[in-house]
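Chemist: First to last, the sequence lines map onto chains A and B.
Counting from 1, position 429 in the first sequence corresponds to residue 428 in numbering that gives the first Met the number 0; the numbering is continuous, with no gaps.
Counting from 1, position 10 in the second sequence corresponds to residue 9 in numbering that gives the first Met the number 0; the numbering is continuous, with no gaps.
For the record, the hints were derived by calculation from the structure and aren't laboratory data.
Misleading hints may appear alongside valid ones.
Some residues of chain A that are not near chain B, with every Cβ distance over 12 Å (derived) [stated by the list, open to error]:
{"hint": "1", "residue": "29"}
{"hint": "2", "residue": "51"}
{"hint": "3", "residue": "76"}
{"hint": "4", "residue": "100"}
{"hint": "5", "residue": "121"}
{"hint": "6", "residue": "205"}
{"hint": "7", "residue": "254"}
{"hint": "8", "residue": "329"}
{"hint": "9", "residue": "335"}
{"hint": "10", "residue": "360"}
{"hint": "11", "residue": "414"}
Where chain A lies over chain B, by a calculated footprint (3+ residues, C-beta under 8 Å) [as the list claims (entries may be wrong)]:
{"hint": "12", "stretch": "0-12"}
{"hint": "13", "stretch": "20-31"}
From the three backbone atoms N, C-alpha and C, an ideal C-beta is built for every residue, glycine too.
Take a look at the letters that make up each chain.
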Amino acid sequence: MTDYGLFLFAMGLLALGFRRPFVWVLAYCYVDILAPQQISWHLLAQLPLSLIVFVAAFGGWLAFDAKRDSRFTYRQALLCVLLVYCGCTTLTADFPAEALTKWAWVWKALVFAIFLPLTLRTRLRIEAVVLVMVLSAGAIIISAGIKTALGGGGYGYLALLVDSNTGLYEGSTLAMAAIAIIPMTFWLARHGTIFPRHWTVTLFALALTFACLLIPVGTEARTGLICIGVLAVLALRTARRRFLYMSLMAIGAFAAVPFLPQSYTSRLSTIENHQADESASTRLAVWAWTWEYAKDHPMGGGFEAYRSNKVRYQKKTTTEVSDDDTEIVSSYVVDAGRAYHSAYFEMLGEQGYPGLALWLWLQLAGLWQMERIRWKWKKRTGPDEQWQAPLANALQLAQVVYLVGAAFIGVAYQPFILMLIGLQCGLWSYLKRIDAQRIDGAARRIGGVRALSATSAPVPAPAPEAIGA
Amino acid sequence: MIDLFALALTHGLLALAALRLVMRADLDRDPGESEEAPPRRGMRPPGD
Numbered sequence: 000m001t002d003y004g005l006f007l008f009a010m011g012l013l014a015l016g017f018r019r020p021f022v023w024v025l026a027y028c029y030v031d032i033l034a035p036q037q038i039s040w041h042l043l044a045q046l047p048l049s050l051i052v053f054v055a056a057f058g059g060w061l062a063f064d065a066k067r068d069s070r071f072t073y074r075q076a077l078l079c080v081l082l083v084y085c086g087c088t089t090l091t092a093d094f095p096a097e098a099l100t101k102w103a104w105v106w107k108a109l110v111f112a113i114f115l116p117l118t119l120r121t122r123l124r125i126e127a128v129v130l131v132m133v134l135s136a137g138a139i140i141i142s143a144g145i146k147t148a149l150g151g152g153g154y155g156y157l158a159l160l161v162d163s164n165t166g167l168y169e170g171s172t173l174a175m176a177a178i179a180i181i182p183m184t185f186w187l188a189r190h191g192t193i194f195p196r197h198w199t200v201t202l203f204a205l206a207l208t209f210a211c212l213l214i215p216v217g218t219e220a221r222t223g224l225i226c227i228g229v230l231a232v233l234a235l236r237t238a239r240r241r242f243l244y245m246s247l248m249a250i251g252a253f254a255a256v257p258f259l260p261q262s263y264t265s266r267l268s269t270i271e272n273h274q275a276d277e278s279a280s281t282r283l284a285v286w287a288w289t290w291e292y293a294k295d296h297p298m299g300g301g302f303e304a305y306r307s308n309k310v311r312y313q314k315k316t317t318t319e320v321s322d323d324d325t326e327i328v329s330s331y332v333v334d335a336g337r338a339y340h341s342a343y344f345e346m347l348g349e350q351g352y353p354g355l356a357l358w359l360w361l362q363l364a365g366l367w368q369m370e371r372i373r374w375k376w377k378k379r380t381g382p383d384e385q386w387q388a389p390l391a392n393a394l395q396l397a398q399v400v401y402l403v404g405a406a407f408i409g410v411a412y413q414p415f416i417l418m419l420i421g422l423q424c425g426l427w428s429y430l431k432r433i434d435a436q437r438i439d440g441a442a443r444r445i446g447g448v449r450a451l452s453a454t455s456a457p458v459p460a461p462a463p464e465a466i467g468a
Numbered sequence: 000m001i002d003l004f005a006l007a008l009t010h011g012l013l014a015l016a017a018l019r020l021v022m023r024a025d026l027d028r029d030p031g032e033s034e035e036a037p038p039r040r041g042m043r044p045p046g047d
């Protein structure tokens, strides 16, 4: 039944694309995030669905969509340079075969992030992409959230829709993405027009947020908890009743602790005592190795370069001998081919200093652009000028959550986040265009008024702020 | 069962959203925007 349902849905989306080709772009977002062909075991599994929607999205835009409002922003140019650079390092990679496997999905994610902003010509299209991102990720999150609430969580045990450990189906990545979509969900509930403001929409947004908050518990991903903390602090910036917000957060946090499973609280305690935790100690050792590796390979070792690492680290285990005595045993562990466990070190090891610099530039420019939009639009009072600053804020918060989570997970080329970057580029370029058109329109109106006043009765000149408003 | 519920709920909403989108004219053109390309900044409008 699931199989037929997913098949019919996918075919329905493709059919709607013939009426409005932009639906194919949304279909690509949906397929890329949820991977329905992996959930299905019969009908969709036999179709090259990813390829079909990729071709349909590009072909539809090329053949049918208007191009006059499409702009190429400098962050898209940065993505292009990063794409070419990654291609070059793949050709000279330490592990050519493994590098090619990663390149096979990285280039697609980068190309789509470059392409997406070209299609985001209207406000509704921007909103539609946000909605599809939230609902597609929501499918994984709602299922995982309910399972967690019913006690089915545990590190490596939480059964997601697909048992594959790729994309959003990897526990820590899902925890990070779940927290990142919270601000986007609230923006949709407040400013959405596809599903306009209504108590059912608010209820859904609240329930989805609750499910999102349960993901770090269900997957026992410590990264997710750090992401929640960061988001909670950053949300203070725009909260209207800060004291009430802080009080509710504190009460919520204290009330949640007794309900957390013991395995989760004991895993969280290793954040402070990282020497007793093998996963955290490995990370520190791999990061030190990558730092040294980059000195010898400043241009990067290509995808999967971590495979050559061999790390040795100290591990301390504490055992209780009696009621009063504890014994601390120190031992050395040798490990090989450990993954980076950090997007920053992933970029440094695989793409060297230039790749890391490009990636950081791309990320920091996004934060800056969203801040610019926020400042520029938040003081405007027009009825159609209220959604821009909150959306920029939501996309900025999502990116900050990602950048914090990325310090502990190797998600430098996460397609979901690259889609978010594409969305930021689209919003930036769209607002810049409509602002320029408004200024042009105001200037033309003033020109018309002046021309009229020269031929007829004197008309008072409009206020100069009308042009710059 | 839980998976089925999550998939049915989100796909139902996605399908409804897609149907609403294809019926809205502002998907391809913002309200108030003309079909003709607006003149680029610094260019004189025709007839000047």
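Chemist: Now tell me, hint by hint, if it's right for this structure.
Modeler: Structure-based check of all given hints:
{"no.": "1", "hint": "29", "result": "violated (7 Å)"}
{"no.": "2", "hint": "51", "result": "holds (17 Å)"}
{"no.": "3", "hint": "76", "result": "holds (21 Å)"}
{"no.": "4", "hint": "100", "result": "holds (29 Å)"}
{"no.": "5", "hint": "121", "result": "violated (5 Å)"}
{"no.": "6", "hint": "205", "result": "holds (15 Å)"}
{"no.": "7", "hint": "254", "result": "holds (25 Å)"}
{"no.": "8", "hint": "329", "result": "holds (44 Å)"}
{"no.": "9", "hint": "335", "result": "holds (37 Å)"}
{"no.": "10", "hint": "360", "result": "holds (28 Å)"}
{"no.": "11", "hint": "414", "result": "holds (18 Å)"}
{"no.": "12", "hint": "0-12", "result": "holds (count 11)"}
{"no.": "13", "hint": "20-31", "result": "holds (count 8)"}
In summary, the structure is inconsistent with hints 1, 5 from the numbered list given earlier, while agreeing with the others.
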